[in-house]
Amino acid sequence: MDYSFAIQQVVFGLTLGCLYGLLAIGYTMVYGVLRLINFAHGDLLMVSAYIAFFGVVMFHLPWPAALAVSIILTAVLGILIDRGAYKPIRRGPRISALITAIGVSFLLENLGIVLIGGRPKSFPIPGCFEGSIEVGAVRIPVLSVWVLLVTLALLTFVVFIVLRTRVGMAMRALSRDMDTVRLMGVDVDRVISFTFAVGSALAAAGGIMWCIKYPALEPFMGVIPGLKAFVAAVLGGIGNVLGAALGGMILGVAEIIIVAAHPEWSGYRDAIAFCVLIVILLTRPTGIMGEKLPD
Amino acid sequence: MFRVLSVLVMLLLAAPAQSSDPVLIGVYMPITGNVAAFGQMCWSAIEVARKMQPEVLGRPVQLKLVDTKSDKVESANAVSRLIEKEKVVAILGETISSNTIAGSDHAERRKIPMVSPTATNPIVTQGKKYVFRVCFIDTEQGLVGAKMAQDRLGAKTAALIYDISQDYCVGLANFFKKEFTKAGGKIPVEIKFRTGDRDFTPQLSLIKETKPDVIYAPIYYTELALIARQAREMGLNVPIVAGDGAQAPELIELGGKAVENIFFSAHFHEDMVNTERGKKYLELYKKETGKELDSFGAMGADAYFILLDAIERAGATDPQKIREALVATKNFEGVSGKISIKEDGNAVKAIVINKVKNGNFVYVTTINP
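Protein chains in written order, with the working numbering: chain A, 21 to 315; chain B, 58 to 426.
With the rest of the complex left out, here is chain A (with noise of 0.2 Å):
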């Protein structure tokens, strides 16, 4: 193996990588505030794209609108999916909640299998993302670019609301004592509503740029995508943001790094991303940046 070639390994690492990370703090912003593993956060993806899809393909809005309509819908369905399936059984045991997100996640499936069939779709992607930059001998492509810059601002915007904005505030409060916060006369379900818009805008944007990196829309095609997701979170240390991210990263450039140096591994990848699940979840139970949100 080469120098360039090993760059150029890394490059599309840390492009799975981004994507990764950009879904695994959606994952880790719901499970911080609440202690709830989203599962069907995967599945927002996959709406996501699909809205997307609709919105260029039949509505024909201009791409940069089809992407609002899309992420706006998305966190309005994040917050319908936590007002109708989590909040009932807010008090109730945190096993019910978890069986609950499955559910959501296999009816947010099926209902894409019911309602647009399973045969894939071609996403429409815009010219801006087409293309690569070479630099010697390592090839850039341009989505590469953008997908890390994305990352990098939602990280930004992410980070900021949790630790300078009021809200933010409220919902660091909420993940150490629900009860306190409440009789403290803050809107409980409002703050969970909001951490459900942000966490579902998250999912969408990911889901975006997933499909523009990896072109075919069916509905189960956020099931991967979500346990990778979870995988980074879990790695990075669930509940903290910067964690996440870092966690997506280090588990795409793994993945890749993996295939290129060991071929007749390829087969096996998502167990191995699986097995460096067990390894941290073994060694370092909380992940490599702690459980508390940063402060």
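Just so you know, the hints here were simulated from the structure itself, not pulled from any lab data. Beta carbons are placed, not taken as given, at the ideal position from N, Cα and C, and that holds for glycine. Hints are not guaranteed to be accurate.
DEER-style ranges, computed between Cβ atoms [said to hold, decoys possible]: (1) B:Gly253 - A:Phe74: 22 to 30 Å; (2) B:Gly253 - A:Val162: 24 to 32 Å; (3) A:Ala85 - B:Lys314: 25 to 33 Å; (4) B:Arg166 - A:Ser24: 53 to 61 Å; (5) A:Cys148 - B:Asn415: 21 to 29 Å; (6) A:Gly147 - B:Glu317: 16 to 24 Å; (7) A:Arg114 - B:Gln377: 55 to 63 Å; (8) B:Arg166 - A:Ala85: 55 to 63 Å; (9) A:Arg304 - B:Gly292: 37 to 45 Å; (10) B:Glu340 - A:Ile136: 44 to 52 Å; (11) A:Pro144 - B:Ile221: 28 to 36 Å; (12) A:Leu172 - B:Met329: 50 to 58 Å; (13) A:His80 - B:Lys204: 41 to 49 Å.
To spell it out: a stretch of chain B is covered by chain A in this simulated footprint if at least three of its residues, at any positions, have a beta carbon under 8 Å from a beta carbon of chain A; those stretches are [what the hints assert, rightly or not]: (14) 143 to 154; (15) 262 to 271; (16) 289 to 301; (17) 306 to 312.
Given chain A's structure and the hints, the job is docking chain B onto it.
Positioned in the frame of chain A, the structure of chain B alone reads:
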């Protein structure tokens, strides 16, 4: 012409018997999931075929469809449901090898004849008395693929990339490798992935390093389209050769310009239709669906027609008799050309070579058995 007329006369004569019990035929297909395109194309074509020939033995034919979700376990469940709950006399399906292998065990055990339209892996029929197919098998397809790479594209080295979770892909890759190396070719790199993978950049970088003359990708359409896109994006521009799993409109929709000039062995192309039945069917299919007839549709229709022909010749819906009649199928003039079925359940059928040109599947040539 005489056959068609006699069928028509028989249908007219049989008309008064319409009130009798229907003949139940089970169909299990991937209507959703990873290879949904195959199942949907095949199913819509079988429905049109039923419109063209709605009766057998003077009784109406009734089809029972079960979706396999492109999954092996669901396929096995589908077959046992068709046999035990729906009480079908024969079964059509599945479209892909792994699922047919999973489903065929049940059919074999219950002694219900099963005809697969397009499962090409040799194992599908191996050691089974009640499992048949109307398509060629992958040993033949591997040879055609190797010849295509060597003679048509002048390749001396071929990189292999395939899906290790599909029997079809693993089988065909190995048969290609055998034939290609036998003829003096070299396989510098062999790359694997799993169904559902979306990122192939490290694998393709490895292929690019070895600078092969051609890439042989015996895989299904979604992955093939994404692989072609990612390969072209990273400047890997060698020709790609594929197998029959490439032929779905999704290949072109998802692959766009990247899949131009992909050669692949296939079952059928509209331009090769030369039988009476084929012409008549094509006309009806266009009228009913408004679409062009594809490989999987043509093979689905042929599986239906051959099964009905066998039931007619058997004179009864007794599974044993249907089996005997099926293996006696000789030079049946199907939609996709002449098809015979051998004692081992495999078919003798021509292989077609198609390629992608200007966003369409274009017929190149036919290779007779």
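(request) Just pull the numbers of the violated hints for me, sorted ascending. (result) 10, 14
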